[in-house]
Structures are given as structure tokens and as C-alpha cells.
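There are 2 protein chains.
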Amino acid sequence: MGLEDCAVRMVDPERVAMVVSAMPADDDIAGLADVFGLLADAGRLRVLVALLEGEMCVCDLASVARASESAVSHHLRLLRAHRVVQVRRAGRMAYYRLADAHVRMLLDVALTHIGHAPAAAHPEHAVPAQAGG
Amino acid sequence: MGLEDCAVRMVDPERVAMVVSAMPADDDIAGLADVFGLLADAGRLRVLVALLEGEMCVCDLASVARASESAVSHHLRLLRAHRVVQVRRAGRMAYYRLADAHVRMLLDVALTHIGHAPAAAHPEHAVPAQAGG
DNA sequence: TGAACGTATGAGCAGTAGTTCAGATGAGCA
DNA sequence: TGCTCATCTGAACTACTGCTCATACGTTCA
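As they're listed, the protein sequences go chains A and B.
With this note's numbering applied, the first sequence covers 14 to 146.
With this note's numbering applied, the second sequence covers 14 to 146.
Watch out, some of these pointers could steer you wrong.
Pairwise CB distance ranges (calculated) [said to hold, decoys possible]:
| # | chain 1 | residue 1 | chain 2 | residue 2 | range |
| --- | --- | --- | --- | --- | --- |
| 1 | A | R101 | B | S83 | 46 to 54 Å |
| 2 | B | R96 | A | H115 | 21 to 29 Å |
| 3 | B | E27 | A | R110 | 35 to 43 Å |
| 4 | A | Q99 | B | A94 | 35 to 43 Å |
| 5 | B | R101 | A | R101 | 46 to 54 Å |
| 6 | B | V100 | A | V100 | 40 to 48 Å |
| 7 | B | P26 | A | V100 | 31 to 39 Å |
In case anyone wonders, no lab produced these hints; they're calculated from the structure.
Note that the coordinates shown come from a computational prediction; the quantities given were computed from them, not determined experimentally.
Backbone N, C-alpha and C fix where the C-beta goes; we use that ideal spot for every residue, glycine too.
Whole structure, please, built from the sequences with the hints as guidance.
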């Protein structure tokens, strides 16, 4: 790749060097972009916002997100792979919950900024860490 | 589309109703997903993080993001369309800057959570030199 | 005036992401 | 044991996204 062709043209090399040194590592940036990507779909966002208030089963999540159960299941699979949500099985039901404090905070900030009081403001609704079985 | 087929199957209709009523409007969710989508690309993320520290021209941004100027220009165009960045023209140069407090805070939160102190928020933390005196 | 420069933009391509459909898996019930 | 239910999964299709290439635009300089 001829990235050098692009990089040689710098107006303020000093400033570029400073910004580059302040830039997070490639892996961090990629991970961050990944997380934002998880939040970049309206259906998934609805699922996540719903989960902000506690655990829910797939069919209820599908109702809330107004998507098919299959679509939601695929989303949940992705979210699970990134450890953003966590499952609890009860018989043939699967109850999902938010499992990532970073994502919760991102959601929180985002909801606050659209003038929407986030559920995290009411922690009594959240399901605390399970204490056995 | 048979979305009703999905919605009729609810385990806890009461809870679903509650969560739905607490859910932001469709437009808000779509807008939010949109903003997250803007942050969901590593190259764009690098541009935005660079802009966190002040304005920069396209070619320097391309250097920082390690992308072609054309690619960066396209990103900037998208960011501009969403009013996330703002241009200042000086001769044939174009200096871009972050123009969205919401995005800035999202970036801030995200960087903090990967253990990276955002320079814009805590400039003195960027270089933790021993303050001996 | 014309050439070089920094940036902007459109077309086209390649890779990715979300959806649906069909079918599989495992749990509960008669 | 066989049926139904809730969920999961893979394949295929479609739509979107980001990239490069070519080129246009306005500015600066000789």
C-alpha cells in the first residue's frame, strides 16, 4: 500500500506527531469502533436500551425492538460474542441482560443527550449480579 | 411484513409495555444509531480523536488517520453532513474542527474507558511529568 | 496566464452487515 | 413417545459502506 504517498504531505508535522502520540493504539481504536458498531443499528439499540432496565427474554425483546425473533436472536448472538450481553437459561426460555459497564455508560450518555432520562438513573430496576444458581 | 406475528408472542406483556413506554421515539433511536454509526469506523474514529485536540487540515488528518486524503475527505463530508465537524477555510486549506458536544462527550467516555485519558478533557494528564516543585 | 497545489466529489467496486427463510436443538407437557 | 414451544443457526439475498480512481474546483505563486 502506498500510504506513504499520503503521509508525506503534512502542513504541520509537529502537530501531527503530537496528535499521533496522543492517539490510542490501533487495537484500542479498532475495539472502540467495534463497540460503536454494535450500537449503530436501531434494532440492536432498542434491544440494548430495553436491557438497560433489566433482563428480558428473546420474544419480549423482539416485541420491544419490533423485529422478528430470528433477527433479534442474531443480534443477541453478536452482542454475546462481544460480551455485551449475558444469557440466563430457564427451561426453554433465554433471559438476556446487559453485561458491559462501558456500553451501559455509553448508552447512558447518549440517552441523556437526547433529553431522555436513562434507566440507569433508577438502579433499583436493574438486576444485580446473581448470587448463585 | 408480518411483524405482528412476532409481537403477539410475549411472555411478560406488562413489562414489555413498560419498557416500550420508556423507549425513546423512533427518530431519536434512529438518530442515535446514526451517530454511533459515525463512530463505528476506525479511520473516522482516528480523525475524530485527532480533532479532539483542536482543528486540523485534511492532509494532516489523513496523516494521523493513515488514510488517503480522498478517503478522509469523504469521511469529513459525511461528518459535516451530520454537523459533527465544522470547516474553516484559509486559502486553499480547509481546517476542520469538532462541532458536536454530544459526540465529544461520547468520545471522551469511550477513551476514558479504554484507559486513555482524553487530552481535551485533561490536558495536564497527557504527559504525566513529575511535578516536583 | 498557466502550472502546481489542497481539497471536493462522483462513479464503480469490494467487502460487510442485516434480514428472512428453513431447519435444528432442547425443554415441557399430555 | 410424540407434539409444541422458545430459541438458535446457517445459507442466501439485499443493501449499505468505505475505498480507490479520475477529475473538477478554487487558490497561490512564478
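Now the hints, each set against the structure:
1. For the pair A/R101 and B/S83, the supplied restraint of 46 to 54 Å holds, since their beta-carbon distance comes to about 49 Å.
2. A hinted range of 21 to 29 Å holds for the C-beta pair B/R96 and A/H115, which are about 26 Å apart.
3. Range check, B/E27 to A/R110: Cβ separation about 18 Å, and the 35 to 43 Å hint is violated.
4. Roughly 37 Å separates the CB atoms of A/Q99 and B/A94, a value that falls within the hinted 35 to 43 Å.
5. Between B/R101 and A/R101, the C-beta spacing of about 53 Å keeps the proposed range 46 to 54 Å intact.
6. A hinted range of 40 to 48 Å for the beta carbons of B/V100 and A/V100 is consistent with their spacing of about 47 Å.
7. A C-beta distance of roughly 22 Å is found between B/P26 and A/V100, which places it outside the suggested range of 31 to 39 Å.
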